Amino acid sequence: MPLLKQGKVVDDIWAHVEDGHELSPGGCLTVTLGRFLSEHDQLLARNRSIGVRLAVRDDPALLAPHLDHLHVIELQFPKYTDGRAFSQAQLLRRRYGYKGEIRAIGQVLRDQLRLMIRAGFDAMIIDEADAEAVYDFSAHEFSEFYQAASDTSDTIFQKRQKKRQGEG
Amino acid sequence: MYRYDEFDETLVRERARQFRGQVQRRLAGELREENFKPLRLQNGVYLQLHAYMLRVAIPYGQLNAKKLRQLAFIADKFDKGYGHFTTRQNIQYNWIRLADMPDVLDALADVEMHAIQTSGNCIRNVTSDHLAGANSDEIEDPRPWCEIIRQWSTFHPEFSSLPRKFKIAVTAATHDRAAVRVHDIGLHMKRNAEGRVGFEFIVGGGLGRTPYVGHTIREWVAKEDLLSYLEANMRVYNRYGRRDNKFKARIKILVNELGVAEYTREVEEEFAAQHAWEKVVLPQQEVDRISAYFAPPKFEERAATSAALDKAIAGDRVFARWTKNNLRAHRVPGYISVHIALKPQGVAPGDCTSDQMRAAADIAETYGLDDIRVAHEQDLVLPHVKLDDVPAVYAALKAAGMASSNAGMGSDIISCPGLDYCNLSNARSISVANEIQALFADPEFEDEVGTLHINVSGCINACGHHHVGHIGILGVDKKGEEFYQILFGGRADEKAAIGEIQGPGLKHEEVAPALKRVISKYLELRSSKTEKLADTMTRLGQAPFKEALYASA
Numbered sequence: 001m002p003l004l005k006q007g008k009v010v011d012d013i014w015a016h017v018e019d020g021h022e023l024s025p026g027g028c029l030t031v032t033l034g035r036f037l038s039e040h041d042q043l044l045a046r047n048r049s050i051g052v053r054l055a056v057r058d059d060p061a062l063l064a065p066h067l068d069h070l071h072v073i074e075l076q077f078p079k080y081t082d083g084r085a086f087s088q089a090q091l092l093r094r095r096y097g098y099k100g101e102i103r104a105i106g107q108v109l110r111d112q113l114r115l116m117i118r119a120g121f122d123a124m125i126i127d128e129a130d131a132e133a134v135y136d137f138s139a140h141e142f143s144e145f146y147q148a149a150s151d152t153s154d155t156i157f158q159k160r161q162k163k164r165q166g167e168g
Numbered sequence: 001m002y003r004y005d006e007f008d009e010t011l012v013r014e015r016a017r018q019f020r021g022q023v024q025r026r027l028a029g030e031l032r033e034e035n036f037k038p039l040r041l042q043n044g045v046y047l048q049l050h051a052y053m054l055r056v057a058i059p060y061g062q063l064n065a066k067k068l069r070q071l072a073f074i075a076d077k078f079d080k081g082y083g084h085f086t087t088r089q090n091i092q093y094n095w096i097r098l099a100d101m102p103d104v105l106d107a108l109a110d111v112e113m114h115a116i117q118t119s120g121n122c123i124r125n126v127t128s129d130h131l132a133g134a135n136s137d138e139i140e141d142p143r144p145w146c147e148i149i150r151q152w153s154t155f156h157p158e159f160s161s162l163p164r165k166f167k168i169a170v171t172a173a174t175h176d177r178a179a180v181r182v183h184d185i186g187l188h189m190k191r192n193a194e195g196r197v198g199f200e201f202i203v204g205g206g207l208g209r210t211p212y213v214g215h216t217i218r219e220w221v222a223k224e225d226l227l228s229y230l231e232a233n234m235r236v237y238n239r240y241g242r243r244d245n246k247f248k249a250r251i252k253i254l255v256n257e258l259g260v261a262e263y264t265r266e267v268e269e270e271f272a273a274q275h276a277w278e279k280v281v282l283p284q285q286e287v288d289r290i291s292a293y294f295a296p297p298k299f300e301e302r303a304a305t306s307a308a309l310d311k312a313i314a315g316d317r318v319f320a321r322w323t324k325n326n327l328r329a330h331r332v333p334g335y336i337s338v339h340i341a342l343k344p345q346g347v348a349p350g351d352c353t354s355d356q357m358r359a360a361a362d363i364a365e366t367y368g369l370d371d372i373r374v375a376h377e378q379d380l381v382l383p384h385v386k387l388d389d390v391p392a393v394y395a396a397l398k399a400a401g402m403a404s405s406n407a408g409m410g411s412d413i414i415s416c417p418g419l420d421y422c423n424l425s426n427a428r429s430i431s432v433a434n435e436i437q438a439l440f441a442d443p444e445f446e447d448e449v450g451t452l453h454i455n456v457s458g459c460i461n462a463c464g465h466h467h468v469g470h471i472g473i474l475g476v477d478k479k480g481e482e483f484y485q486i487l488f489g490g491r492a493d494e495k496a497a498i499g500e501i502q503g504p505g506l507k508h509e510e511v512a513p514a515l516k517r518v519i520s521k522y523l524e525l526r527s528s529k530t531e532k533l534a535d536t537m538t539r540l541g542q543a544p545f546k547e548a549l550y551a552s553a
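Taken in sequence, the protein lines are chains Y and D.
Taking this note's numbering, the leading residue of the first sequence gets 1, the next gets one more, and so forth.
Taking this note's numbering, the leading residue of the second sequence gets 1, the next gets one more, and so forth.
Quick caveat, the hints were computed from the structure, so don't treat them as lab data.
Quick caveat: nothing in here was measured; it's all calculated off a predicted structure.
Please note that the accuracy of each hint is not assured.
Here are some, though not all, of the chain D residues that point toward chain Y, as calculated from beta-carbon distances under 8 angstroms [stated by the list, open to error]:
1) Thr10
2) Gln151
3) Asn192
4) Arg196
Heads up, the beta-carbon is just placed ideally off N, CA and C, and yes, glycines get one too.
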C-alpha cells in the first residue's frame with residue numbers, strides 16, 4: 001500500500017520490529033512503546049533512526065522526554081471507527097511539541113484524511129491505487145474550520161476576528 | 001435566531017457537495033455499503049426497515065417560518081408529505097430515496113440547515129429548553145451558548161470517531177425542561193457566589209440499556225472556560241471510553257466504572273495540563289456577535305391580562321380546556337407561550353404533515369414573532385404570542401387539525417417509532433401509545449388526572465425515554481411475542497430519577513387496561529386534586545400502584 005508523506009507518495013524506508021525480535025544493525029526501525037522505554041539508551045546510541053509505534057491505549061506523555069530523538073511515531077487505526085489516535089496526535093503536536101513525522105496506519109479511509117491532517121498527521125499508509133489524487137481531493141474538500149488544531153489553517157473564529165479588526 | 005455568515009454557509013455547502021460525491025460513489029458501485037455506512041451515518045442517513053431515513057438537525061429546536069416551510073417542501077417533494085419531530089428536537093423523514101439525499105441537503109442549505117452529526121459516534125445536535133428566551137425562570141438565554149457549542153463541535157478533528165454518540169443539553173432555567181441530568185453532558189447555567197453566570201457540568205447521565213442520572217463533576221465553570229472544559233471531558237472520554245462493546249461505550253459507563261471521583265480527577269488533570277494555545281476561548285466580540293442574534297424581540301408594552309381572551313375562554317369550554325393545558329407563562333406581561341401538541345389520537349407521536357407545518361409557519365409569522373421551537377416532548381411551541389391573539393391562534397390551529405388540548409397530559413405520550421418503522425425495535429410502540437391515548441378520550445377525565453408523562457419505547461435503546469416517564473413502557477420480544485414492561489417513578493426534570501420496572505411484562509392488549517387500573521388507584525389515593533400522579537407515587541411508594549397494575553392477573 002502506498003505511503004503518503006505530505007500528500008506525495010514516497011518510498012517507505014521504515015520497518016517495524018515486534019517485541020522479542022532482533023533489531024537489524026542499521027536502517028530505520030520502529031519499536032513498541034514498551035521496548036523503547038526499556039531500551040531507549042541502547043536504541044538511540046546505535047547508528048540508526050528510531051521511531052515508535054504506539055498502541056491505541058498508549059499514553060503519548062511517556063514519550064515526551066524523548067521526542068527530540070524520534071523521527072517517526074506511528075499511530076494506529078485498528079478500525080476506522082476507533083478515534084483514539086486523533087487524541088494521541090493532538091497531544092503529541094500541541095501539548096508536547098513533537099515536530100517529526102506522525103504516520104497513520106491501519107484502516108485509513110480517504111474520507112478521514114482531512115481530519116487526520118488537521119489533528120497533526122503528516123503521513124499515512126492508505127489503500128488507494130491513486131493515493132495522491134485521493135489525497136488532493138480529500139484534503140481540500142473543506143475550506144473552513146471552526147476548531148484550532150495541529151495544522152496552521154485559520155479557524156472561522158480567527159477569520160471573523162480579522163474581519164472585525166479590518167473593519168475597525 | 002442565529003444567521004449564517006459566509007463561513008458557516010461555505011461549510012454547510014461543502015458538506016452537501018461532499019455527500020453528493022459519496023452518494024455518487026455508492027450508487028456507481030465504487031463504494032460498498034460497509035464503507036459507505038460510516039459516511040452516511042455522519043450525515044444523518046440511516047438504513048431503516050423500508051427505506052433510508054434522513055434525520056435533519058434543528059439546533060436547540062429553533063425554527064422560523066421560512067425553515068419550517070422548507071421542511072414542508074422537502075416532505076412533499078421527497079417524502080410522503082409528512083415528517084416526524086423527535087425527542088432530540090430534530091425532524092426525521094422516513095421515506096427518502098438515497099439518490100435524492102444530496103438534493104435534500106442542498107434544499108436544507110438554502111435555509112441554513114443541515115444534517116451534520118445527527119447520527120454516528122460524534123457530538124450530536126445540542127438540545128435546550130424549548131422556552132428559552134420566553135420563560136420567566138431562566139437567568140439568561142442559553143441559546144447563544146448552544147450555538148457556540150454547535151460551531152465548536154461541528155467536524156471536530158479530534159472527536160469525530162468517539163466510542164459512541166455524544167449528547168449535550170443546556171438549560172438556564174430553575175425548572176429543567178431540557179432533561180440535562182440524563183444527557184452525556186448536561187450544562188445547567190447558574191450563578192456562582194460572586195453572581196457571575198457559568199455552567200454546572202453534569203456528566204454521565206443517559207437512558208438506553210443502562211440508565212443513569214448524571215453526576216455533577218463541577219458546580220460552576222466560567223463561560224470563558226466552557227469549551228476548554230468540554231474538550232477536557234471529550235478527550236478523557238475519547239481516550240478511555242470502552243470500545244470493546246457498543247452497549248458499554250457511552251460516557252455513563254466510563255464514569256461509573258472509574259467512579260465519579262476518579263473520572264473528575266482525570267478531567268481536572270487534563271484541563272490543568274492545557275497550554276494557553278490549547279485553550280478554546282472565543283473573543284468577547286465573537287460571543288457578543290453570536291449573542292446579538294438572540295436578543296429579545298421587540299415586545300410591546302401590554303396589559304398583563306386580556307379581556308378578549310378571558311371572554312373567549314368563558315364562552316367555549318373546549319377552548320378553555322386548550323388554554324388550560326397548552327399555554328405556558330411568559331416573562332413579558334401580555335404574552336404567553338403556546339404548545340402545539342402533535343399527539344392527536346391515532347397518529348404516531350411527533351408526526352406532522354406538510355400542510356400542518358405550513359399552517360404552523362403562517363401562524364408563527366402572523367402571531368408569533370416568526371419564532372417556532374421543537375420541544376423534546378415532540379411538540380411544536382410558539383414561544384411569543386400576545387394574549388389577545390390566543391383565540392385567533394387557536395382557531396387557526398383548529399383549522400389545521402393541530403388543536404389537541406393535551407400538552408403535558410396523559411395522552412401527550414412520548415413514543416419512538418417502534419417496530420413499524422425501526423429495524424432495532426422489538427415491539428410496536430405507536431399502537432400501544434394509541435390504545436393508552438384512548439383511555440383519555442374523555443377530556444374531563446384527562447383533566448381530572450392532570451399532568452402525567454407516559455413514555456413508550458419499542459426496545460431497550462429507549463428512544464421513547466421510558467426510564468423518565470412517570471409511567472414508562474418498554475416493549476420486549478419474548479420468543480416472537482411482544483411483551484411490555486411497565487416502569488413507575490421516572491422523571492426528567494431537575495429532580496431526575498430513573499423509573500423502576502414493576503414486574504413481568506404484559507401482553508399488548510393488557511397494557512391500556514392495566515394503566516387504567518393504576519390511574520384509578522391514583523385518583524383514589526391522591527391527597528388532593530392538585531397532587532400529581534408522580535407526587536402521589538413518591539409520597540406513598542409504588543406498591544399500591546404495582547398491585548393495581550397486576551390486579552387482573
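For this structure, which hints from the list above don't hold up? 3 and 4
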